[in-house]
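Undergrad: Put chains B, C, D and E on the given structure of chain A with help from the hints.
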Amino acid sequence: MAGLLLSQSEKLFIVHGVQDDYRSDGRSNLDYRPMELETDLVDTATGSARLRLANTDLLVAVKTEIDVPSPDKPDLGKIEFNVDCSANATPQFEGRGGDQLAVGIANLMQAAYQSSQAFNLKQLCIFEGKQCWKLFVDILILECGGNLCDAVSLAVKAALFNTRIPCVKAILMDGGDVDLQLSDDPFDNKLLDVGTAPLLVTLCKIGDKCVVDPSAEEESCSVVSLIVGITGTPSCYSDQENLAEVGGKFSTIDMNGPGSVAPKTLKDAINQGIVAAKLLDKALAKALINERKENIRTKKSSYGFLK
Amino acid sequence: MPGPDLLSSQGLRLDGRRPNELRRIQCKLGVFTQPDGSAYLEQGNTKVLAAVYGPHQAAKSKSLQDSVVVNCQYSMATFSTGERKNRPRGDRKSQEMSMHLRQALMAAIKTELYPRSQIDIYVEVLQADGGAYCTSVNAATLALIDAGIPIKAYVIACTASLAWKDGEPEPLVDVSHVEEAAGGVVLTVASMPSTGAIGLIEMSHRLHMDYFDTVLSRAMQGCKDIEVILDKVVREHLAEGWTKSDDAITI
Amino acid sequence: MPLDYRRFNGPEDSVSYKRFTKGYLKSYDELYKESLDDKGVRKDGRALSEARSLFARTDMVSQAKGSSYVELRKTKVVCSVFDPREIPHQNEFSQLGQIFCEVKFAPFSCPRRRRPHVPDAEEKALSVALRKALEPTVCRHMFPNYQVDVFIYILENDGSCLSAAINAAGLALADAAVPMYDVITSCTVAIVGEKMFVDPTEAEENLATISPSTPINHGIITLSMLSELKQISDFTQVGSMDVECVVKAMDILDKECARLVPLMQKVLVANVLKCFETRKRLEEEANEKEQLLNAKMDEWKKLLKFT
Amino acid sequence: MAALNKEKLKEMGKLCIPGMRLSISNKENIAGPGTYELRGYIYATLCGTLKIEQTESEVRTVSVESPRTPSVLPKTGDVVTAKVTVVNPRMVQCSILCVGSSVLVRPYRGILKKEDIKATEKDRVDPYKCFRPGDVILARVLPMTEIHWYHISTAENELGVVIATAEGSPQGVSMVPISWSEMQCPKTLVKEPRKVARVIPENINHALFPIRDNSTKELEIEADK
Amino acid sequence: MTSHVKIRLASERVNHSVTTNNDLPRFYTPGEVVTGMEDFMRGHGTYAVDDSLKAAVAGVMQKVNKLICIRPRKNRYVGEIGDVIVGRVLEVQQRRWKVDTNSRLDSVLQLSAVNLPGGELRRRSAEDEQMMRKHLQEGDLISAEVQSVFSDGSLSLHTRSLKYGKLGQGILIKVFPSYIKRRKNHFHHLPCGISVIIGNNGYIWITPAGQTNVVEGDDDEMAAVELQTVSRSDRDTMARVRNCIMALAASKMMLDDTSIMFAYEESLKYDDVKDLLDPEAMLDVAFLTQHRINYVVEE
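Residue numbers (full-length UniProt numbering), protein chains in the order written: chain A, 1 to 307; chain B, 1 to 251; chain C, 1 to 307; chain D, 1 to 225; chain E, 1 to 299.
For reference, chain A alone in the conformation it holds in the complex (with noise of 0.2 Å):
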């Protein structure tokens, strides 16, 4: 993002903050910022989120279609990325304006979700060879205060936990083609399994250190910032017991920004990223399976933009 304009005393308030561990607003090098998650509020879509991380704003729509497996992987279904920045959340962004963060962003998640690994698309597969599911992601970009990878990252993860993809009651081939039939009943469906799902992690290198959830004046700070992808945990998605413990790899790491880093840094920053990527997956998947028990309970309202 075109960076906010500052003059050089804030920033070095800033870089002195960021030596001292003590950023701006109280935080630690380590802290994020509040965020508020919900699930299930577009009609239109399989699955959609909204999050909203101090004053960035996103919402996160899953639609399925069904499509051929490409010849080469037939027994895997496949996702697609789409960012679109919203002019709402800056006049830069106006008409093409967004286009080159849009892409950037969604060719990280498209690096991150590749691994089977991080994502298994063979959940996707219909009939090998012949059809399978084909999800696509829109992430709208609402607000911008900061740190817009890491929270698109948490929002698609809760998305796709809460897609549903409706079972196929049938398969019936005549001659080459295929013929599906989809269950009809709307609770006639399938999650997906997505605790392996990896969340970005942004290590914005602040004079010689690095922080986590950079605000908008901190990035601007910065000429360099360290992306990780790191998979996480499905045992905190799920009430098994017994389930292997995997995860925490890394899905994607890149580099942003128009500066260098040296070698010792970037092994401190992927190491810091680890630590953060997990305690996210964590409260990620505590809040999600707090609101889905919720959900259970009483008729689910949404909330949205309202209230």
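These are computed hints drawn from the structure, not numbers from a lab.
Even glycine gets a Cβ: it sits at the ideal position worked out from N, Cα and C.
If you anchor each label on the Cβ, the simulated ranges turn out as follows: (1) D:Q54 to C:P107: 53 to 59 Å; (2) B:R87 to E:L227: 46 to 52 Å; (3) D:G13 to C:L303: 43 to 49 Å; (4) B:R87 to D:D123: 54 to 60 Å; (5) C:L263 to A:I171: 53 to 59 Å; (6) C:R6 to B:G11: 55 to 61 Å; (7) A:K130 to B:N20: 46 to 52 Å; (8) A:G259 to B:K110: 46 to 52 Å; (9) C:F100 to B:R235: 51 to 57 Å; (10) C:K280 to D:Q54: 23 to 29 Å; (11) A:D208 to B:Q95: 44 to 50 Å; (12) E:R26 to A:G259: 55 to 61 Å; (13) C:P262 to B:Q95: 54 to 60 Å.
TA: This is chains B, C, D and E only, laid out in the frame that chain A set:
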């Protein structure tokens, strides 16, 4: 004549409404902190977010000496419709919508107050279930009010259609997507109900001259009804932000 | 998209006929065996930690200010760099100049045919990665408000094309006398389990991208270094791997990048020598011409006096 | 080949490539063009040869000279050669062709404002009486304030028009300066006003069209007598 | 390493309103007739149709003699001569700076309206222009006073006083200008040991008390002051004040030194400053502050 099936034998519409009944309207002003004004509006299942930036300094190339530049962008989220859209904006339809939006709002904004400035109005349709344009106009009006930009009166848009009941014409207000798709006439009116001025009229499909007035007056009635609802919300919003220490009244 | 509508363009998406031959879809193990035999020798005879020999030269394209050609056996890349020019559609004052990168695959560069005009997603991603790698290398404050164009044309792709492109761009920038902080070198490693394929071919890259059924490390890491300053200018990773693996790969890449530096230096020194030679030759020629001209002048003057 | 190279190397001096550490940076050693300073050392930014110049007593400027035209833009304070493209009452627009002695690959746009034309009597300057489109001028670059436009100044004796053709004269016939503010066509003898630069002749063009000082002119006239 | 991550659900969303719904004033909405009488003067936020005066914005009426204004809940800053503002330099132009002051047009700071190092009035020469960027460059924050308002509504600023000028280290908060209470003094040294400048334009500047504006003095001295590290305790107080102001603004409360100080005192029961980022704590602080203000007003 299309549309005999738009009304049931009991005189109810496909979604159970009466012909002159609006869909449920819910809204909120000031949803975001960064824009100068913002609003969220739901009309039935059509959901729209609007944000207003400005008035701020206009770019040199656009700047007008005697009035404000109003800049609108209408955009539909890719997931807003049943079928996924490929592009949120830039296609012909949304460009046309942006133009219509601008036209309707320009009629109300007191443009002469802000020379060399610019007002940006951005509308994001999150869910479209018929009447997305109307909801956008209404949401934009609320966002303008939230931003404290002077307007002559509420700009309200509403649609109306025509159905047949026992051989008699029966106009329908606030057309939903299903009714739109059924192929009847859809008349869109953007007006300032309190002054009676009309900013924009658009109609699709064919309608006999004789029935135009009835359909139009039903749409206008719809606008008036919506205005009452929105006015109430605006007042509530003002009251909510009211604190006692406010020294506003200095008589 | 410019499409010729007067002719039949064929389907948007086509499948190679090879897909229907036997043994097209090899199993993971088969692919693995193909890439690496029991003795730890790769298909092209290299050891795991052995990079392909690098051939590089400058001055390839006469129209460009600076250009280079880099070859890693079957991966062949041409790069040209042009003088700073105005940034189109820019209306904000920026203290730092910009680098515009465009990576293009030749239509015949790989088995899959490429669309000649429209840049596809991979090309766009490579362009962004290249820009990010070069930004910390170039002294951008020397040309505020202007941009330097870097064009990469990939003649043949057999893996590691991003590192090849970065290496080529570094040489071409130096050749164009664009001020730079350091020589930039880059290298890629493909990871499959415990094995690390340095400077992988395309087949090895593919193998590393396929997610194996067991939760082992896999993925690709590309790193570019400014070796004198000991700074990492770009780091990209995809796949799934744990911290130890990333750190180990970093060390390998670090060494490999350092190994390339003398090679690059040699090329650049040769370039300088050649430049001086040409300049000397040109100067000599100019002197000769001037002497001739002076002689002529004297002749004329004599004639003038005479008349 | 190697021997040859060695010989040449001696002749050229020390070769540099970007990132090479050249010397310590202190009061005695200053980073010059083609170098940068980092953590107390001077490093090279270009491929080329090392030049160490003794500028003042005990101060040495370390710089790198590239065999090619460096890919840099006109800097504040540089003297540039430019061609006038547009003249209007407020300013003169021109395209910058050379910086110092190096020719630019592409021209850059320059603006010469009315008040920057002359050092004295700034208010009474008329751009039309100083420049005409097509003139080649020498100018100094002012600090950059606008994107894509270099502000330049000719408010020095040595800056101003160097090559100009009078109206109606054939192409290629340059006028000869006859005073600070006038030039004359040697062929048609037309006099035109210009902001003339005082140039010290140094190459062949000046040999063809020598710039005569007024003093020598007088001598000649005397001789004629 | 302790990290702090909190994700709440929308169902736990906090309503920031601290309203006591008993004595609400009369609100006007656009298009509503304010008065039918002719002998009133038309002020901001109103327009005349035929013989009646109508509201153009949604808000409350403000009547000064015969001038009727409708004041909206929030809008862009409308400057008045003598207002104290905090602004950011956007552009360095010839003989003037363009300054962002949250008004509808960029404000102007003329080169002749600043105290340049050297003191006395000098002829503003070409060298000065080149020095302009040294004095104030893009991104710099300044405090200034509105000198005059141009006919198109844009503001002309001046910094010809020791208390105005370039700002050093600190935190800037942006709130809507209507939340700022107009006072005689907008520069406050709070008892908690820090200073705030509450700009009329809604920009609030928080800075350690020792750091007065860097206006005069030679360059070295200026640089030294600017580079000093702010001590941890000052930083802590500043962060607390920042979060308190954010809490008050989220509840749409009026801001002045009293409300900020009240909020600061109420917030002291939260030991950790970062706890004040939680919506519940924010509401709590705002509510208690409102309570105290009500109490003071009744006294």
